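For chain R, the structure is supplied; the task is to place chain B on it using the hints.
Taken in sequence, the protein lines are chains R and B. In terms of my numbering, the first sequence opens at residue 238 and continues consecutively. In terms of my numbering, the second sequence opens at residue 349 and continues consecutively.
Keep in mind the hints are simulated off the structure, nothing from the lab. Here the structure is a predicted model, which means the values were calculated and not measured. Any given hint might turn out to be false.
With a cut-off of at most 35 Å between alpha-carbon atoms, the simulated DSBU-like pairs for lysine-lysine come out as follows [claimed, not checked]: (1) R:365 to B:601; (2) R:365 to B:784; (3) R:288 to B:784; (4) R:365 to B:604; (5) R:365 to B:465.
If you want a taste of the chain R side facing chain B, the calculated C-beta under 10 Å gives, among others [stated by the list, open to error]: (6) 380; (7) 381; (8) 390; (9) 391; (10) 393; (11) 399.
Built from N, CA and C at the ideal position, the CB exists for glycine as well.
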Amino acid sequence: MTTPRLVVLCVEDEPDVRDAIVRDLAPFEPTVVTETAESADDAREAIDEIKASGDRLGLVLADHLLPGTYGVDFLVELHDDPVNSRTKKVLLTGEAGLDVTIKAINRADLDRYIAKPWQPDDLRGIVKHLLTDFVVEHVDDVLPYLTALDSGRLLEVHGTRAADR
Amino acid sequence: MSEEQQRTLLQRLGLPLALVAFVLPIVLQPDGLDAAGHRMLGIFLAAIVLWITEAVPLYATAVLIIFGEILFISEATVLPLPEGYEAPPIADFYAALANPVLMLFLGGFFLAEGAAKYRLDRNLARVLLRPFGTSPSGIMLGLMLITAVLSMFMSNTATAATMTAVVLSVTATLPPGDRLRTSLALSIPIAANVGGIATPVGTPPNAIALAGLTEQGISISFLEWMLATLPFVILILVAGWWLLGRLHRSDTKELKLQMEGEFDRSRPAMLFYGVFAATIALWLTEPLHGVPATVVGFLPVVVLLSTQVFGVSELQNVRWDVLWLVGGGIALATGMGAAGVDEWLVGLVAWEGLPATLIVVLLAVIALALSTTISNSATANLLVPIGLTLAMSDAVAVDPLLAGIIIAVGCSLAMALPISTPPNAIAYATGAVRTKDLAVVGLLVGGIGLVLFLAVAPLWWNLLGVAGM
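Chain B on its own, in the form it takes in the complex:
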């Protein structure tokens, strides 16, 4: 695979711009920050430029952040640091790559890898789709629910790829021009993006929010996260399903499901199913046993490797790029905290006069707007440290947990463009979906979701005692 990728103007400008962004605060030396603060502000600004322009891959920006922090604000600094500044040990920055939340995610990757290896995802889809009958609306509902559930535990992208293959096989026999193709192709990314909201391992922004919250000493269990988000995920899915059924007219009354396959009953497959079920069960029953999700997440890693169900090749399949991208965000938050950049940034605005509700709405809207065009994880990486510092400050009465979850949710609800999320790109590539179709449904579902999460969710969270407004 050696391909010369064409680079956009933005990508070519990215590196010089990032360099300027890095140097600017060091030269201008804004008040209120010491030399370490100036350098960390430079790293933060450069990270913004690089994550927006993608002049280097997202994960490369992540390691650049860590290296920059080590070179300029850690105890191993190459430039002298001001007196009175407590330089963190380099281990503090490297530790971001082994943060407990990353281990939780690693567990999720192991489950996803096994599900793909033993075709558990496809077989589950095949079996679970049957009860939804043969009517187009029934099948669409089934596809959406299955996609959503799978994407809670596997990557949204892998789920969307699997389920889009199902959609294409179902719609292959439809007459040309039948808009049911569009509805069904669109139903998959909608369900995958929305489904990812419902668990901490559903999608990287959730992990970033979770790590940020933990850093601030705020804990939320796997089950609490699900209780807080799942009801709204279901409401958004039903709204999306209803919308898709109305937007694109079709005369087709019946669809044929031709999915064949059999569950793998080999010994390693059976062992994997057991590990899969046990891990999820343990995640959901934390209140009973008290073992944190970040510890349970390591269970599939340990069991599957020790029983040799997984070997070197599966270990190599782990998406280190995704883990390190999240790690870069964690390191960014650590560095900003150590150098006081987060508090300085929050202090730039007089928040006191602003109602808490407005601030939460602002966070959600910025997350949604930004992640419509740039990576969801990069958005969360940039917004979580600032949003949480703001929520923790005395200036505003915003529940930090609410702020964290709403940023993660805002990232996942951004789905108006083919480039917004990889699942959207898959739907677009089927040829059944035009940019306009995606924009209409994406904006409507994202909008409905945002309203639900902003207007109704805080009441529900108050009731749960999780978080409030």
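Next up, chain R with everything else stripped away, as it sits in the complex:
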């Protein structure tokens, strides 16, 4: 039995920014992988592929200004979709105004707002925290994610869930 991987989906139209995010999140591999998409359309396709391969979409990192659908609207759409509503949502942007930010919080249950430019350590810290939340809330067997995520919290949860057998 292979363990499903956790996927961070980065939706960002600028290639340099995408590459930087992928580089910053590389230490989480191989149990946590980063997939990228250039637009909301691209992201919808990526999500279908992630589901088809049996992996888990744990987190979406979206820019706001994207070609086609805005990032925040995409997050709202994700939140309203019963299959993906549990996915953690982060806005990583420099251009979101007050109105859209409020919309993201109220209608997409936004988990974090990261302003560009970001510090790699901050980004990793946020991703680790949110993915740990995701695993604790939605995954029965947390052990496969021990090395990549917050091992202390996962062990505490595992101690209450597992028993001698």
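Okay, now just chain B, sitting in the frame of chain R:
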């Protein structure tokens, strides 16, 4: 938490195989058993298949056994039973779920729940680890002793999770590739598995053995169990510690302990500490007051619920799956006894020519081999009824108490694979331990333990007057 678990081929085959196993003796009608015996043999064979394949969860097999017994061999039977067969009342089978040994275990669960709730386990680990200094071998010894002591009263798995968190915090600053990580990560499951041997509430196989012995009219007190096993547990731990220090080379000379925390001094916490200490003290002093451990075990349940230190949420946290798994084993033994299946199975082999020592070695080795790959509790559930019936029969001169304890010990000493026990799985998940590391240490420690328990323990038990060979 809704997850589609992938099912292995074995799991998919399990249900049809179990059905075949159940029907087979009813169709073939082997000699020496009546219709009730055939049905009970079918239930036993189906239980073997289900507990090995885990086609349904372990606890589901347990309730299936109870239901099967009620439907086919109790007074509420749906099929006619042979004349002359005394059908037990259904209460006899349901009673397995409230067996006094389960109440003892329930008490253990209450203590463990409180220890986790008030972080007593973590705080004890923090305070008790200090005197062991900062050298890697000192810290490893400390970690192992604390893990072993905690796992005597809490579940091995919960203890291993808590203590592995300590290990990961201690080893976080080590240079990459330092094998000290491996040693320390491995030291926890070894100590948790071995520590669980030392008390009746340490781990489910002990409870299953204890219940089986009680059923046969043989009693062993909490203190006697500890006296019989603790010296060997300590020897195995020291051997494991010595081995781990030699197997994985490391140049690290000093480790930093960064554990922070404070004992919870709130009123309910203090009350819990009192109940915790009193329960253990009463368990250990049975010869002085004569109150059996199964009665003392209900004390934390009663006091913590009446004082409202525990409420509905703690009650819901009780591991009914574990209790019912043990209960299923007890019901299996009851049914096999009622239908004469246990004696029939034992009678299949001509034991007379075999020396008692060989039979005990056989029981221990089968327990160890089986529980390396399947659940320890399931192993004990299957082996205890047969082992004890064999020991009680006139064909062999095996002390039943020895047989019971050795099966339980054999189950706990099985730790060669990541899947052998949940504590092993935790160590494996840290990424610091490879399957090979676990196999080497697990086989060595299990082997040393088995030899100690088989070769030396019976002499000690003779001396104690507990059991002999």
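These are the hints, each one checked on the structure:
Distance check on the hinted pair: residue 365 (chain R) and residue 601 (chain B) sit about 31 Å apart at the alpha-carbon level, within 35 Å; holds. In summary, the hint linking residue 365 (chain R) to residue 784 (chain B) is supported, as the alpha carbons are separated by about 30 Å, within the 35 Å threshold. For the hint linking residue 288 (chain R) to residue 784 (chain B), the alpha-carbon distance of about 34 Å falls within 35 Å, and the restraint holds. Taken as a hint, the residue 365 (chain R) and residue 604 (chain B) pair is honoured in the structure, with Cα atoms around 25 Å apart against an allowance of 35 Å.
Between residue 365 (chain R) and residue 465 (chain B), the direct Cα distance comes to roughly 25 Å. Compliance with the 35 Å bound is thereby established for this hinted pair. With a least beta-carbon distance of about 4 Å to chain B, the hint placing residue 380 (chain R) at the interface is held under the 10 Å criterion. Hint status for residue 381 (chain R) relative to chain B: holds, with the closest Cβ pair at about 7 Å, below 10 Å. For residue 390 (chain R), the interface hint holds, the least distance from its beta-carbon to any beta-carbon of chain B being 9 Å, beneath 10 Å.
The beta carbon of residue 391 (chain R) is positioned within 10 Å of a beta carbon in chain B (closest approach about 9 Å), and the interface hint is therefore held. Restraint check, residue 393 (chain R) versus chain B: the minimum CB separation of about 7 Å is within 10 Å; hint holds. The beta carbon of residue 399 (chain R) comes within 5 Å of a beta carbon in chain B, closer than 10 Å, and the hint placing it at the interface holds.
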